[in-house]
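**Q** Chain by chain, the residues:
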Amino acid sequence: MSHDHSLNPETMPQEPEKATLEGKNKFFGLWFFLGGETVLFASFFGTFLALRNSTANGPTGDEIFGLELVFIMTMLLLTSSLTSVYAMYHMKNNDFKKMQLWLAVTAFLGIGFLGCEIYEFYHYITDFGFTFRSSAFGSAFYTLVGFHGGHVVFGLSWLIALLVRNAKRGLNLYNAPKFNTFSLYWHFIDVVWVFIFTVVYLMGKVG
Amino acid sequence: MKGWMGKIKTLSLLSFLAVVLAGCGKENLTALVPKGYGAETSMDLIILSTAIMTFVFVVVFVVYLIAIIRFRKKKGQEDYIPKQVEGSKKLETVWTIIPIILVLILAVPTVAATFDLADESGKKDGINIDVTGNQYWWHFSYPNEEIQTSQDLYIPTGEKVFLNMKSTDVIHSFWVPSISGKMDVNPENENTMYIEAYEEGVYWGKCAELCGPSHSLMDFKVIAVSPEEYEQWVKDMQSVDPKAEPQDAVAQDGKAAFEENNCMACHAIGSSPAAVGPNLTNFGDRSRIAGFLEPTKENLVKWLQDPESIKPGNKMTGNYPKLSEEESDSIAEYLLQLKPSDITPESAGE
Amino acid sequence: MSTATAQKRGFGAVLWDYLTTVDHKKIAHLYLFGGGFFFILGGLEALLIRIQLIKPENDFLSAGLYNEMITMHGTTMIFLAAMPLLLALMNAIMPLQIGARDVAFPFLNALGFWLFMLGGLLLNLSWIMGDAPDSGWTAYTPLATESPGHGLDYYVLGLQISGAGTLMGGINFLATIVTMRAPGMTYMRMPLFTWTTFVTSTLILFAFPALTVGLFLLMFDRMFDSAFFDVTLGGNSIIWQHLFWIFGHPEVYILILPVFGIFSEVFATFSKKRLFGYTAMVFATMLIAFLGFMVWAHHMFTVGLGPVANSIFAVATMAIAVPTGIKIFNWLATMWGGNITVSTAMLYALGFIPSFTIGGMTGVMLASSVADYQYHDSYFVVAHFHYVIVGGTVFGILAGLHYWWPKMFGRVLNETLGKITFWLFFFGFHLTFFIQHFLGLMGMPRRYWVFLKDQDLDLGNLISSLGALLMGVGGILFLINIIYTAAKGEKASADPFDGRTLEWAVSSPPPYYNFKQLPLVRGLDSLWIEKREGNGKLKPAEPLGDVHMPNGSILPFIMSVGFTIAGVGFIYQPDNRTWLLAVFIGMGIALGSMLIRSLKDDHGYYISKEELEKEAD
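Protein chains in written order, with our numbering: chain A, 7 to 213; chain B, 109 to 458; chain C, 2 to 618.
It should be emphasised that the hints constitute simulated quantities derived from the structure, not laboratory data.
These figures come from a predicted structure and were not determined experimentally.
C-beta: ideal position from N, C-alpha, C; glycine also.
Among the hints, a few may not be true.
The calculated EDC-like cross-link candidates involving lysine to aspartate or glutamate, where the alpha carbons are at most 20 Å apart (straight line), are [unchecked claim]:
hint, chain 1, residue 1, chain 2, residue 2
1, C, K517, C, E543
2, C, K454, B, E135
3, A, K30, C, D603
4, B, K181, C, E416
Not the full set, but computed from the structure, chain C residues with beta-carbon under 7 Å of chain B [what the hints assert, rightly or not]:
hint, residue
5, L62
6, A64
7, V323
Extracted from the complex, chain A is given alone in its bound form (with noise of 0.2 Å):
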């Protein structure tokens, strides 16, 4: 069959990611649902806005969040995510190998972030007794960084399945997409990870 080219690795155009209408609708589509995670995300926060200070007599934000961890966490994100960008550069010019080794970064670093905050719940916890049930306040900030702890678990799981499944097959026209959505999807939970920082930590602290 003459359609085989787009398998090709010794074929492949530049940005190759756009080049089919598949690469083309997975782009639009992702960013069409990024626009949807937006309208969820906000209805979180607007949730944990109005609920940040019914702590019910429960530990408020003020006296348990430590800014030290939540910084770290914070640098691991975004350096996660500037590393994404370096591997969708290699993709561009069809380096793969350098691809995948720059997605290893992200998923390390994207581990990090995800046992910092599985150590900061436990701390909360076990040292405050600050639990989903404490407060509202307690209900609103689990679910609000929960939900996007979930979102990181979900993008590694993805991120992990395609550089095992792709190791040995290389670059091509059909997974070329895959990697630059995951690489989106990736910002985007780095984005919301700053808001969750100014919002939930830094006025949690100051404000």
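Based on these hints, arrange chains B and C on the given structure of chain A.
**A** The following block gives chains B and C in isolation, referenced to the frame of chain A:
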């Protein structure tokens, strides 16, 4: 087809006539005959908006009819291809500008009225009543006068009465259509509104926010009496002695049974603010039993025997000892004799 | 593959075909029958409600059952009937109208349908389990958090699953319209139905996540003891109302905008005239959608938000009247000077104008906040939204079905039966709902299980109930028409109504690849242009070549089944933790199918040029 289409037309015409004959609904319930400040303010806007909208509808309908009649396909012109008009700047501007003007005509008085009905100056010196919504009954507390009552809300005519409303369980909505529009009664915050009745009367009140199985039975009454009568009622209510022994033997048995069965755990008589169940201070004066039944002894006994069959999902069912027929009868007698005041729904004209 | 050949195959083969299909035309059939099934269910619930209210203090239904009935009627009609029926028409027609061979994500399209269908069935499973949701379709907290039993849990999970399906549909249509328009099909040459599909999809995309969040909070409060709506722990039940209406108001436009598109096509076709003021129509649609997000609190005038908020939302709401008015007048102007054929589809369009105008008028009246203090939560509101949703959406769906039935099934619906149905439905509808405006103002709040004697509400309710029966008869006649047409209906040509847009250029029903060669679009109403200025045939934009097609897959169905099993597990796990097993198994099935989907390459297949040449035109 034409024949029975005609029949449908006659049928709908007949039903339309019937509606006109039925009029504007029951007096002191309907919002269409306003008898208070809020209801009147709303009614003014209802009339204004209906007038504007009827005008729009007539214009649309006339153009519509002409279009259908004039441009319906005619014999011999089956293949006629009309001119393919793209649009008309002039026309389209006209039907953009005119609606904007019409909307503005409605918007300005709407905003003015919204602020007017939220203006609570005079609240400090006026009559304040705390309204509490419960599944499925209403409690009214007069904090300055230190009066507690339930289900029947007494107010003086011709005066703004300020309501501070909160719910103990789910969201309810306080609606007395003839006097005022509604306001939700929320569990987390106190909502305030004022009502003013122009004339004496017993006005029907309804819960307007779905609150459970007996939502439709959560009726109450607003009893508007003259300011003098209101003063009298307040005095009467203040001087109630909750411990007073009733006159006749049956009622005395009833009081004893009331106490034995620990009814006071939920129901207060007098000005104690405990309000798990309706306050019974002036129960004998109530215009209804359970909010909607005729105030007869028979109905009260029925309620005491099996409240679930009357108000499904009420909080009394199962929370008191089973009463014997005799006990129910005597308790009913006792409660119906709790008539501390001469100012009753009858004085307001019921 | 036409239905004729389908009938010759065994039932098992047809079933398998529909379970695995990713073809937008077959998914449209699925949406139509799924939505139709739920429409019948919701209609029966409506009839039971009206029987209960036929006389004062009736005891036909118990109080609890009545509340379940109104909740399920509303939820079913909005989420499981009206929206899927619109999605059926969008799926069937929109790709054809832009000259595409399918949608952008055929797999996702199938997944969206199965999630909707199984979510809807999960919600209705509550009837069988004896525990239907009972807090109204709006499920206001804390009534919804405190509602005993599992009814509300079914509501949460059923809507969560079917909502996810709808969201996928929205994203899919957006990507399709952005990337897959035929050469020459610029945005301002798109038929209005495609435009409204596009704008509606945007609304779905931005509105549904707010409901998703609301449902999560409700689920957490009910199942995991969180405190979002629990006042004693600092929660706030008004948050639910905000989230619900931030979704809920755009939802109303999700229901009405596609119908505006349908009517725009119908008016133009049956007046034999180009749509008047096309550009204004497009921008009015966008403006309505945009304003639709700014007005949610007009559902909350009596919540106690204060005069400032109430005034802002009142004025913003009134502003929507302007673009809506533009549309009404543009439709009238389209008819003006035309050559009008009153077919059944056109009859629905003609019935729509006065009915919807009344609904729009009462909408403006409701926007006047102080007047709304009286209307709110009374039968006036019930009358208003039924005028909009029945007089607008349902009339529109029926118009669309009569108009596009030939394109979807290859047969023309019977016109005589269609017209009788229309008149029954039309009179039944006005008889049922017009009087309700007055009932509301006469002091009848909505969601009342009984109304008391001696309140002068008896006659109005009786008339309303009789009207509902008439609508029921109309509905049955429509079903008879469908069966009659399937058995004996007239075979449809490619273009039975002298249409204007691309879908009428392909056979009825279209071949599974839609277009042998992608068409070249030379203007608005492209087929009309070719009929008047060319030879009536579309000019091809590409030489005849191999056509790429996606493979069918059973995975969307399995994935949806997995989510549904997990849903049942979630519902019952607070009673008994062993139900968590169902959650794990269900999620395992769903995530496992996702993994298979992403690990297994699926390149689709090609129809060769030679095969295409063999097919007749």
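**Q** Next step is simple, just say for each hint if it's right about the structure.
**A** Hint by hint, here is what the structure shows:
1. With a CA separation close to 10 Å, the supplied pair K517(C) and E543(C) stays within the 20 Å bound.
2. For the hint pairing K454(C) with E135(B), the CA-to-CA distance comes to about 14 Å; that is within 20 Å, so the pair holds.
3. Simply put, K30(A) and D603(C) have alpha-carbon atoms about 17 Å apart, close enough for the 20 Å limit, and the pair holds.
4. Note on K181(B) and E416(C): the hinted pairing holds, with a Cα-Cα distance of about 17 Å set against a maximum of 20 Å.
5. For L62(C), the shortest C-beta to C-beta distance to chain B is roughly 11 Å, which exceeds 7 Å, and the interface hint is violated.
6. For A64(C), the shortest C-beta to C-beta distance to chain B is roughly 4 Å, which falls under 7 Å, so the interface hint holds.
7. Contact between V323(C) and chain B, as hinted, is supported at the beta carbon level, the nearest pair being about 5 Å apart and thus within 7 Å.
When held up to the earlier numbered hints, the structure conflicts with hint 5 and nothing else.
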